[in-house]
Amino acid sequence: MLAQFGYGILLITFLLSLYAIAAAVHGYFTQSTRAIESARRSMLLTFPLISLAAASLILLLVQGDYNVQFVYEVTSRSMPTYLKITAWWGGQAGSLLFWSWLMSAFATAATLRKWDRDIEFLPWVIVVASVTLAFFLALNILFEDPFARLYQTFDGSIAAYQFAPAGATPVVPADGRGLNPLLRHPGMIIHPPLLYLGFVSYVIPFAFAIAALITGRTDDRWIRLTRRWSLWAWLFLSFGLVLGGRWAYDVLGWGGYWGWDPVEIAAFMPWLTGTAFLHSVMIQEKRGMLKQWNMVLIILTYALVIFGTFLTRSGVLSSVHAFAQSAIGPSFFVFIGATFVTSIALLLHRWNDLRAEAEMKSLLSREALFLLNNLLFMSVLVVCFWGVIFPLISELFTGQKVTVGPPFYERANSPLFAALMLLMGIAPLSAWGHSTMQTLGRALWKPAIAAGLGTVAIYFTYTTHIIALIGFFLVFFVILVTLYEFWRGARARQRAQNEHFFTALSRLTGRNRRRYGGYIIHISMMLMAIGILGIELFQSETQGTVQVGESLNLQHYQLVYEDIARFTGPDGREVTRAVIQVYKDGQPVAELHPRTDYYWEAQQNMTIPGVRSTLADDVYVLLVDWEPASAIGATFKVYVNPLVNWLWLGSFLFLAGVVVAAWPDKDPESVTARARARGARQISAAD
Amino acid sequence: MPRTLRNTKYVILLFLILTTLLASPAFAQGSNPPTDDEVNAIAKQLYCPVCENTPLDVCPTQACAQWRDLIRLMLSQGKGEAEIKQYFVDNYGARVLNEPPRSGLNWLAYLVPPLAILAGAFIVFRALRAWKKPATASPALQSEADAPADDYVARLEEEVRKRN
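From first to last, the protein sequence lines stand for chains A and B.
When you line the first sequence up against our numbering, it's residues 12 to 698, in that order.
When you line the second sequence up against our numbering, it's residues 8 to 171, in that order.
If you're looking for bench data, these hints aren't it; they were derived computationally from the structure.
Beta carbons are placed, not taken as given, at the ideal position from N, Cα and C, and that holds for glycine.
Among the hints, erroneous ones may be present.
Selected chain A positions facing chain B (Cβ under 10 Å, derived; list incomplete) [said to hold, decoys possible]:
hint, residue
1, S390
2, Q598
3, L664
Residues of chain B placed beyond 12 Å of chain A at every Cβ, according to the derived structure [as the list claims (entries may be wrong)]:
hint, residue
4, N39
5, E59
6, N60
7, A72
8, S83
9, G85
10, A89
11, E90
12, Q93
13, Y94
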């Protein structure tokens, strides 16, 4: 009953979103506020409806109604309740419903805002959000029905149907197959929702952009309205990526966090355009330039968001992450193509209205450097996109399957990332409008020399590796420039206001949140860069088979194999756990427990590392092989991953930076106005 | 399950190859067995031929464990890195390499990104030049565009200049 109810709700919501599209379009062209209001209410109604469908699915999952195919596939009796709930996004059908649910939540939030000044945008925001929502609901209704039930037909075959063929008898398995063991990790419980949150929240700025194109309101209003949306979207996407990396590090047993896998890249690509967008909208706001380009960026971001979902969900590129594969590929393909072509056509239609209002005065001005930043982000995107689709092209034209792996991406992207870091150091010191070599040089020489000295210190104490030295120089340079910016601002305020330095610093940040939040994010990126440099350039590994009491040596570390045991875990998995004593330069520093978990129901093995983590390095031990009957001992693989912890540390600072930049004001306009008035008062008081 | 079937097929094939190789005199003479690290150094550069996008050195499947054994065996026979990689390419196709081989159409993989980036740089350069021509913008618009640029910070910076 509950399953039919859920499916019925999905159908009604789908029809409702189609109605919202029709009513909004009609309302716009006939200037009927009643029709638009009706579209808005329909849009608002989708959220409680999808919530109801989602609640039905969760109830089915928790109750363990294995007659429902999705429940059978992703849960089992032995799973704890929280995992049964999060199994909602552990399979294809459920995660598409999850997408729709988030979409309708965000569309609701967007439709609930005060529209007085921007009422002409409303119908088109509703249209874009509803088209996207209707597409995802259609996928659920037509191809990936989370409520389909298992039946046995006359010929004895068992299949899932929403509308059972005549004479088919329902099948109720005694137990489910259980969630993919790889997905039973806390990181994997939070990572997909965060990524989806990021994906879905980018639909809102896109919807406003399309509304601006259609209505012909080509000023930067759409950007100002969606500034926070874009920031939060970017936060979720970024954090989703970081958490995915952490999950890979903790669960996949590769000794790393990022493998340039197509699905990782699928989530990384909208991040690249989104990051470029965050920067280039500032040029439009401040200088009235790059209007066309910002449209291109948000259209690309939306297309890449759908493409990202498509890559993980269609099975076109099967990879370790593509747990779910099905025949929904062509629908995605058509949807991406249609929305992309329509958006670009709209943009071309308005092309001349979106001309720049100002001129570029200097190639060293901040806007010119931002343009360069955009070029670099786009270059990384080109490399990533081409790397992801080249195997398909190759297979299509020559029939030869090829792999595009880490060396390809690393070779192409490393210089681009280095150039981005350099820009991150220079751009904050350049001025809007005009900068000359002289003004820029005056601002840069001190941090550059200090960074050079830091690099010399690294040369004598840590490494002589040339790429590492370039990397560390850039890290120091960016951090120093950014701290100098904080110091300069706070000092000026301190003198003007007669405040304590730290009061001045916190007020400065509070009053210019986007700027200083952005700087905090820059510093956090540099901390992450330290971690990436460390693990990419200095990772070392060894593997060996040892008897109890024997040891493996790597770098400063000696790892003594002390014991091993096999037992059954609470959820039926078979755990094989070794005990390893870690000595550093002869001193005991940690006891690690690398283990393998074998899940009988899924017939899948998980290799969970034992990790000792410090700021200097991680010792990461994997139990590769052990058989109770064999006398040859156990095989371990050991990695020493220098500096990798900085990556995770950086991600916390990153979170802080985005929160500073995106924290909602009570009313953005009045607050800015107040701040301006206050700023004016302060300056005049200081005079 | 098709994948399992396919795996089994490969495993059987591998077993046959292994037994043939084991029976060969070359193996019997092998004295200093290669270490795991030597095996992994080569496996790292190869991709699992059955599970997509998983490097052979970290792939947990049984099939991959046997492929690593095959690498060990070939090493013990005195075969070099290039020879072993070629063996895998011959038997399982170019997809076992971590990058497309530099030949034929595959050159596109390496040429398209730099060309696209150069084209992008050219467009940006052209745009910058076009913007530098002052004809397009009216003075009124321009000063308006200049004014709102971070006025609070502009004042701050002026303040810094005055105090220094």
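Taking the hints in turn, this is what the structure says about them:
1. S390: 4 Å, holds
2. Q598: 25 Å, violated
3. L664: Violated, because the Cβ-Cβ distance from L664 (chain A) to chain B comes to roughly 23 Å (cut-off 10 Å).
4. N39: Consistent with the label, N39 (chain B) stays out of reach of chain A, its closest Cβ about 15 Å off (over 12 Å).
5. E59: The claim is violated: E59 (chain B) sits with its nearest Cβ about 5 Å from chain A, within 12 Å.
6. N60: It is violated; N60 (chain B) is separated from chain A by about 4 Å at its closest Cβ, not greater than 12 Å.
7. A72: Since the minimum Cβ distance to chain A is about 8 Å, A72 (chain B) lies within 12 Å and the statement is violated.
8. S83: 16 Å, holds
9. G85: For G85 (chain B), whose nearest Cβ neighbour in chain A is about 22 Å away, the distance exceeds 12 Å, so it holds.
10. A89: Fine: 16 Å to the nearest Cβ keeps A89 (chain B) off the interface.
11. E90: 20 Å, holds
12. Q93: 16 Å, holds
13. Y94: 17 Å, holds
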